[in-house]
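Protein chains in written order, with this note's numbering: chain A, 1 to 117; chain B, 1 to 84; chain C, 1 to 250.
Since the hints were derived computationally from the structure, they do not count as laboratory data. No experiment lies behind these values; they were computed from the predicted model shown. Just so you know, not all the hints are guaranteed correct.
[As the list claims (entries may be wrong)] In silico contact screen, one side only, chain B against chain A (beta carbon under 7 angstroms); selected entries:
1) A15
2) G16
3) T17
4) A18
5) L65
6) M66
7) V74
[What the hints assert, rightly or not] Within a straight-line C-alpha distance of at most 27 angstroms, the following computed DSSO-like cross-link-like pairs (lysine-lysine) qualify:
8) K114/A / K102/A
9) K114/A / K76/B
10) K102/A / K75/B
[Said to hold, decoys possible] Over the 10 angstroms line for every Cβ pair with chain A, so calculated as not near, a few chain C residues:
11) R7
12) F10
13) L17
14) P30
15) F66
16) L118
17) A133
18) V137
19) L158
20) F162
21) S177
22) P205
Each residue gets a CB set at the ideal place from its N, CA and C atoms; glycine is no exception.
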Amino acid sequence: MSELNYLGYVVAAWLFLVGLYGVVTSRNLIHLCICVAVIQSSSYVLLLSIGYRTGRPAPIFLTIPSNTPAVDPVVQALMLTDIVVEVTVMALLLALAVQVHKRQGTLDPDRLRKLGG
Amino acid sequence: MEALQIAILLFVAAAGTAVVFTREPAAQAIVISFYGLLLSIMFFLFQAPDVGLSQITVGAVALPLMILLALARVKKQGRGKIES
Amino acid sequence: MTRRVRRIFFLLSAVLLIAVFWNGYSKLPPVGALTGTYGDVVNAITVPERHITDAVTAVNFDIRGFDTLGEEFILFTSVMGAVLLMRRQSDEPGGDHEDRARDRVVPNPSDAVRVTALLLVAPTVLFGIYIVAHGQVSPGGGFQGGVILSTAPLLLYLSGTFGQFRRAAPQRLIAISEAIGAAAYILIGGACVALGGSFLQNLLPLGQSASITGGGTVVFIDLGVGLEVSGGIVLILLVYLEELMEEKEG
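Construct all of the structure, not just a fragment, from the sequences and the given hints.
Here it is in structure tokens:
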């Protein structure tokens, strides 16, 4: 079935929309940060689908001769640094959420007062 | 695409939905650890071993750990406010 | 706006987003058939010209090394932001830390956990250094190895107390080593400029492929990035854990 060949793109769009729904209807700031992580992982699925070539091996030429066609390495390099940067950005977001709780006493985004209260 | 790749993509979509619809952050930390493991299996099945190596440690260890530590801090702050 | 209005607004935007995705995806070829020539060119030149057998590390640290410099500094800055946000404010009481919260009964880790964690510390450090140093040979590199290295002090914390974890990974030492790792990247690029090339141009002799010397400066950049990533994650964990501990009474 040729429609199944687009499944990678569809899963990326689905994860993006589901994560966005979680951010919009969240009732807890930490739950919101985790939904941001889901949105970030949708970009990994999209990049992976872009870089994949059917039937080709991984771009490591240790055991295969160096002129075999392989999967695209440029998008994999993008994904690799993205993953490690994700965890530190999540640490920053969680620290922000903890500080908001310290100042306002609540983690519910609907009940946060404005700044300078 | 092979059957295994289709299956892992569907599992990833289902696990992502599960992460969002788990409303309790403490339970969400466990679900996101499992989601990270599924993502790394997906990376290996799509011929991306470098990326899978990054995702295994980060997604299964570092991210749930930070979520649980932030939750513990919030709980301690909440307890301090009630007592004072 | 109320929750219901927000939900309706989201549904409308979701329909719009799905239309945008559909329009974009219908013009793309199916997964696995996209033809981009840059990747094929990189795959063709990475062993004969750069002597690096791992094409992803070649792209990260050799061919597009400048982009990785930017990503590394994103990491550095967010670690700095997290540490700044979580440190003890001046209006909070300070003091020595005791290793258990006041009303939380923390069971001592069982002997099985302690022995296993202690036994795993040395292999984890060794494996982390191996992955960092062999980035240009097999899957690995500075980022992956740095994350593996950062779990070694965490194993120490699991097998002991927070005091021991803090003694094994003191905050000042970790911060200094992270800064050295971040600076090493720029210094290597600067050294290339000083020796008459362009920034981050590979001026060391490209050694034999499939060994550590393959790729010239890649192994040094890998070590710097490994130091920085592991230092950054251990620093985040230290700062998060430190704020959990209660002060000593009296």
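Status of the hints after comparison with the structure:
For A15/B, the interface hint is violated, the least distance from its beta-carbon to any beta-carbon of chain A being 9 angstroms, above 7 angstroms. Taking 7 angstroms as the C-beta contact cut-off toward chain A, the hint placing G16/B at the interface holds, the least distance being around 5 angstroms. Taken as an interface hint, T17/B checks out: its beta carbon lies about 5 angstroms from the nearest beta carbon of chain A, inside 7 angstroms. Against a cut-off of 7 angstroms between C-beta atoms, the interface hint on A18/B is violated, since the closest Cβ of chain A lies about 10 angstroms away.
The interface hint given for L65/B is violated, since its Cβ lies 10 angstroms from the closest Cβ of chain A, which is over the 7 angstroms cut-off. Using the Cβ-Cβ criterion of 7 angstroms, the hint placing M66/B at the interface with chain A is satisfied: the shortest such distance is roughly 5 angstroms. For V74/B, the shortest C-beta to C-beta distance to chain A is roughly 5 angstroms, which falls under 7 angstroms, so the interface hint holds. The hinted pair formed by K114/A and K102/A meets the criterion: a straight-line CA distance of about 14 angstroms does not exceed 27 angstroms.
Restraint check for K114/A and K76/B: the C-alpha separation of about 24 angstroms stays at or below 27 angstroms, so the hint holds. Of the supplied pair hints, the one linking K102/A and K75/B holds, its CA atoms being roughly 10 angstroms apart against a limit of 27 angstroms. For R7/C, the condition that its CB be more than 10 angstroms from all CB atoms of chain A is violated, with the nearest at approximately 6 angstroms. F10/C, annotated as away from the interface, has a beta carbon of chain A within 10 angstroms; the closest lies near 5 angstroms.
Look at L17/C: its CB is around 7 angstroms from the nearest CB on chain A, not clear of 10 angstroms, so calling it non-interface is violated. Listed as outside the interface, P30/C is inconsistent with that label: its C-beta sits roughly 3 angstroms from the nearest C-beta of chain A, within the 10 angstroms cut-off. Every CB of chain A is more than 10 angstroms from the CB of F66/C (nearest about 12 angstroms), matching its label as outside the interface. No beta-carbon of chain A is positioned within 10 angstroms of the beta-carbon of L118/C; the least distance is around 26 angstroms.
Its beta-carbon lying about 15 angstroms from the closest one in chain A, A133/C satisfies the requirement of being farther than 10 angstroms from that chain. With a minimum CB-CB distance of about 7 angstroms to chain A, V137/C fails to clear the 10 angstroms threshold, and the non-interface call is violated. No Cβ of chain A approaches the Cβ of L158/C within 10 angstroms, the least distance being about 19 angstroms, so the stated non-interface status holds. Once the 10 angstroms rule is applied to beta carbons, F162/C is consistent with being away from chain A; the minimum gap is 19 angstroms.
With a minimum CB-CB distance of about 16 angstroms to chain A, S177/C clears the 10 angstroms threshold, and the non-interface call stands. No Cβ of chain A comes within 10 angstroms of the Cβ of P205/C; the nearest lies about 20 angstroms off, and the non-interface call holds.
Consistency with the previously given hints fails for numbers 1, 4, 5, 11, 12, 13, 14 and 18, ordered from lowest to highest.
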